[in-house]
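Since each chain comes alone in its own frame, lean on the hints to assemble the complex.
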Amino acid sequence: MELEDLRTRLRAVSRKPDNLRRVLRWETGLVVVVIAVAILGSSLSSEFFTANNFFNLTLNNGEIAIMALPMTLIIISGEIDLSVESTLGMSSALLGVLYLHKLPMILIFVIVAVVGALAGAVNGLLVTRVGLPSLAVTIGTLALYRGIALILLGPKTVANFPATYTNVGVEAIPHTDLSWSMGIFIVLAVIFGIVLHATPYGRSVYAMGDNAEAALYAGIRVKRIKTSLFVISGLASALAGVLFTFRLNTAVQDNGTGLSLDVVAIVLLAGVSIFGGKGSIAGVFLAVLAFAGLQNALLLTNFNQEATGLVTGGLLLVSVFVPNAAMFVRYIRGVASRAARRTPEPALSLPRKDT
Amino acid sequence: MRALLRRAPLAASSLVVASVLAVAACSSGGSSGSSGSSSSSGSGSSGSSAKSGLKVFVIPKNLGNPYFTTADSKGTGGAIAAIDSLGDTGTETSGNAATSASQIPAIQAAITKGANALVVSATDPTALCPTLNGAIKRKITVVTYDSDAPGCRSLFINQASTAAIGTSEVDLLAKEIGDSGEIGIVSAAASATNQNAWIGYMKQELAKYPKMKLVATVYGNDDPATATQVTQGLLEQYPNIKGIISPTTVGILAAAGVLDSAKYRGKVQLTGLGTPDSMKKYVSDGTVKAFELWNPANLGYLAGYAAADIAGGSLKVKQGASFKAGKLGSFTIGADNTVLLGPPTVFSSANINNFNF
Numbered sequence: 001m002e003l004e005d006l007r008t009r010l011r012a013v014s015r016k017p018d019n020l021r022r023v024l025r026w027e028t029g030l031v032v033v034v035i036a037v038a039i040l041g042s043s044l045s046s047e048f049f050t051a052n053n054f055f056n057l058t059l060n061n062g063e064i065a066i067m068a069l070p071m072t073l074i075i076i077s078g079e080i081d082l083s084v085e086s087t088l089g090m091s092s093a094l095l096g097v098l099y100l101h102k103l104p105m106i107l108i109f110v111i112v113a114v115v116g117a118l119a120g121a122v123n124g125l126l127v128t129r130v131g132l133p134s135l136a137v138t139i140g141t142l143a144l145y146r147g148i149a150l151i152l153l154g155p156k157t158v159a160n161f162p163a164t165y166t167n168v169g170v171e172a173i174p175h176t177d178l179s180w181s182m183g184i185f186i187v188l189a190v191i192f193g194i195v196l197h198a199t200p201y202g203r204s205v206y207a208m209g210d211n212a213e214a215a216l217y218a219g220i221r222v223k224r225i226k227t228s229l230f231v232i233s234g235l236a237s238a239l240a241g242v243l244f245t246f247r248l249n250t251a252v253q254d255n256g257t258g259l260s261l262d263v264v265a266i267v268l269l270a271g272v273s274i275f276g277g278k279g280s281i282a283g284v285f286l287a288v289l290a291f292a293g294l295q296n297a298l299l300l301t302n303f304n305q306e307a308t309g310l311v312t313g314g315l316l317l318v319s320v321f322v323p324n325a326a327m328f329v330r331y332i333r334g335v336a337s338r339a340a341r342r343t344p345e346p347a348l349s350l351p352r353k354d355t
Numbered sequence: 001m002r003a004l005l006r007r008a009p010l011a012a013s014s015l016v017v018a019s020v021l022a023v024a025a026c027s028s029g030g031s032s033g034s035s036g037s038s039s040s041s042g043s044g045s046s047g048s049s050a051k052s053g054l055k056v057f058v059i060p061k062n063l064g065n066p067y068f069t070t071a072d073s074k075g076t077g078g079a080i081a082a083i084d085s086l087g088d089t090g091t092e093t094s095g096n097a098a099t100s101a102s103q104i105p106a107i108q109a110a111i112t113k114g115a116n117a118l119v120v121s122a123t124d125p126t127a128l129c130p131t132l133n134g135a136i137k138r139k140i141t142v143v144t145y146d147s148d149a150p151g152c153r154s155l156f157i158n159q160a161s162t163a164a165i166g167t168s169e170v171d172l173l174a175k176e177i178g179d180s181g182e183i184g185i186v187s188a189a190a191s192a193t194n195q196n197a198w199i200g201y202m203k204q205e206l207a208k209y210p211k212m213k214l215v216a217t218v219y220g221n222d223d224p225a226t227a228t229q230v231t232q233g234l235l236e237q238y239p240n241i242k243g244i245i246s247p248t249t250v251g252i253l254a255a256a257g258v259l260d261s262a263k264y265r266g267k268v269q270l271t272g273l274g275t276p277d278s279m280k281k282y283v284s285d286g287t288v289k290a291f292e293l294w295n296p297a298n299l300g301y302l303a304g305y306a307a308a309d310i311a312g313g314s315l316k317v318k319q320g321a322s323f324k325a326g327k328l329g330s331f332t333i334g335a336d337n338t339v340l341l342g343p344p345t346v347f348s349s350a351n352i353n354n355f356n357f
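Keeping their order, the protein sequence lines are chains A and B. Anchor point for the first sequence: position 44 equals 44 in my numbering, and the numbering is continuous, going up by one each time. Anchor point for the second sequence: position 38 equals 38 in my numbering, and the numbering is continuous, going up by one each time.
Read the hints as simulated data drawn from the structure, not as lab findings. Among the hints, erroneous ones may be present.
Claimed, not checked - Below, simulated DSS-like cross-link-like pairs (lysine-lysine); rule was C-alpha separation at most 25 Å, straight line:
hint	chain 1	residue 1	chain 2	residue 2
1	A	K156	B	K203
2	B	K213	B	K289
3	B	K113	B	K51
4	B	K213	B	K203
5	B	K316	B	K51
6	A	K156	B	K213
Predicted model, so just to flag it, every value in this text is computed and none were measured.
The following block holds chain B by itself, in its conformation from the complex (with noise of 0.2 Å):
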């Protein structure tokens, strides 16, 4: 007895030494499938002109995200599956927060794994920045999604004009609550940058409203539980507030579901950017008449698309350059080597049920 507790630390290292070594097991099991595809498309790439068997990382904000899970996902269209319908590998990685320090552990691994090219949405317009230009200086193609890293990148795919998603959230909201009253917005992280481009353009929009008043701008972090809890402050805190605009998915939901409610329901109106398979409870019971967003699969489906076509040779970069895009057709680089996705769509009762993301 006295013999084994001496042991106790070794015991314990031998403990953990063990659980590394299952945990070894599990990843070297769940990663055979990518390491064969890779080698099998390394045999494969001689034929074609453009080079295939690319490995493509693509890096969201965050996992476990349904945002990014819709816009990354295989299954769903996304960004893996137009990588590999043209033959090379994509892998999906990234941090479990929605920060750049949980981030750049992944691009910098992924870097390190051997990426001929990156989709990454940004959690910090410049944060990123020093990892990602490293990333540049090896020849890996850069392209970011959803939230541009715009000094270190070579092409930016926008899911839709800054300003016609901040502009058309006020538009939909001033016409549920009447062109007047209080408003509030849940936004993600304070730092998010299209989150910040989004309201810059709301406040603009808001001039043309004079009834309309700004009352407050909360942040959620894109955490249902953080979201929920500074939504039900703005209403404790503005309790004649008429409308809340959120344009993040994670937000939205949170903010409806604390409207859900005889006390909030039809009182306070919601809208902003949100899936419609998430908030078709909501729509149906009237919580929420009206709310927006673009296909993020076909978001991430483009942006596959296009980092793997220009790390393949068969894109250059450059203002006014055209490309075919599999199943979306063509799409043109923009100023700013920008390319847009095309405009938001609005969900309501009228349309919601024809979607399914």
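With the rest of the complex left out, here is chain A (with noise of 0.2 Å):
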């Protein structure tokens, strides 16, 4: 019975063909979205096409792209990772402090990118080796991480960094409208995308969030992975924190907080599940440029700005809810035909209680 149930749950985990299809309709939809949100931007500001626009709205959202990554391979194996924004924050607090301290800039590069992963890894080591929730657990290290910031930064603002380095925050890169940030974001996006749907380490990412207990069953290093994975976004944290340092060329203790939310509100726009086992790469870069547009279209009308959270949060509840709405009926429907045939069968879809 108990391998009855096992084997049905991995055929239903390996059956791409569905998935696939699933994903590719919700990525039509954000195609016709960001579609909308291009005619609307046009129609309301002669200035949005322009190249000056795209660069300006490139450079605002480079780093809640790139950290969005990383939040995509995290959100679907079933964890989360609310913490980036505060490793963001330390990362730039450790810059500040150590190019006060006149240290050459690839050992600070160095030293940052360590201390980002080795944050990410406490996340990973207490999810997976304490088995602790993630979401109590990045919660705490959200604080945590800021509060190293406060201690390394205090009330200092280091600024005045080399022009080299904040030209990234001026600068296109050479030939393009692109900013530096969403530059590093479009050729990180190619490198996530071919490992998680071309790779057996992106398919075991699907499987543990679709059943973390059969991915197990099924010999995949489920723990080792998902460490590896806030050990990744701990990485894209920190370089994140970095251009977000040389961007506004100012290191202090509060850079990056409330980005967080930003980040897991892209990825959940993207079509990835809340619950684990769906999404993709080309939806997140397409959530991103829906994003970033509906944002900036907003900016450049006279909306009321005050009122610009209403639009993201309501286009973060509506990606929550329609596709769990969906899966909602599904297990509904599902119910009800096995009751009909009286044929237990697991429901697959349904949220699980742990990991």
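Below is the structure:
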């Protein structure tokens, strides 16, 4: 019975075409949204489709976009990392402090990357080895890493970084209107896309998000892979912290406050299921465009800026509600048909109680 | 049913599209007033010698902050009142959080929308500079008010001399606690330019009071909840504390709320910068004896007036130049291209009811 159950679950996990179809449909929807945002933006402001505005749009969202990539993998695996904004802040503070101590820039980058990876490793180990829920762990480290940033830098502001680096906040990549941070995002998105969609590693991320237990019995090293995802998230947040600091030419302990929710919003808008197991990098790419485009369009109009939260929040709710409403109805339907056939079959799409 | 479910994502996207269009409808409705005035001013600009019909964007640290609402609004006689009185169009815009990352997109959007002048309260002295210097390169006038970004503006409207604010608050508190005891500071963001400058002068002034000891500076980030929390923390950590200085309107209000109980009233003194309207309750019940502030509406008015004058070509920024700012009278540009609004006003039970902002 137990084995039978497992086999059914595993078969369902590897039922790729169904997943693929669903994901593609969500992305079709996102393409429609991106086009709608583009039409909206250009109809409300003649400045929307200018090179300069495009540069600003990519500049202001590059760091969020970069952090959204590992967040996508983490949420697909059935976990979450809310500490990314504080890892960003801690990296920024560390960069500032080390720069004040006149360390060579290359060495600073190495130290910041190592600390970022360690921050991620702490999250990952607490989740996988101690067995704590990632929501609780990363809310804890959200406060903890911000605290470390405050200790490192106190009320100080470190500015006047070398222009070679702060140019990331002023200049586009030569021959394009793309900010450096968004350029880095695109390169990383390709890499993350290949890893997630075309490697055994990526497939196991889906499998453990669908059903961690089944994945474990299938021989997937769930704990190790999840830990590695958190480490990657820490590294990406450290990179985002460095870019953020140079863009604003300012290292200060409260850098990046509030960004975690933007990152999660983009990932959910991308069609990644908050319960794990579903999502794609293409969706994330489109969600970044939609999110950045909408915020930018709202800024260009005289739309009441206090209310932009309503728009982005509403977008987030819709993107979480719709797939889960469908999932809920599908579950009811499943129960009904099972009752009719009297053959028990596990409800795969339902949220799991634990990992 | 099945078909409906398969179309869920498309249904979601059409919902999103619908909401986007609804937003578009709202915002175009909201903006009709300003677009109307800008087109009418375009025809009116031909007559006068100094240019009018300019687009001036007022960009406070964040939106929804009563201090900046007073400083910027037309109804209070703030920046937009001054800009409108000169025949130009004033618009207030900013981010929702008082951080440079939130303020910069609003500045960029103002530049993109064809601003002739920006009136900015800088969330950070350096972080805004790449953006503001980009504006200056496009011949946009940049005037800072309330909080300066010294490297990247043509004029700073200083609400009060930094030294006067820092020292006078320490003097006020010293009088209230008899020159001795532990004191704490409830500041705004750790990186706020003006806060740190005032705190610097407070520390200097404290040297005159050897029995007063500054035990901690905490940061409420100009958020009522955070400010309340850090004030409570301060009181718990230092039970012997005698006085608190909060040089921010949000901070002093939150701190007053914490002190407004039998446990602390009269035992812990509070002073700093506050608005009379919000502090009336605490002054009348004895929680707070005295605090001070400049008139933020006058600050905004002066900044808006100067920005419109500079952008219109009737005021050239150089030290010693004088200009008349409507209802406020004459001002002279001082060292570092700074204009001083005037000395702060001390509010106490004697005069607080004469003020309304």
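Hints broken by the structure, by number, lowest first?
none
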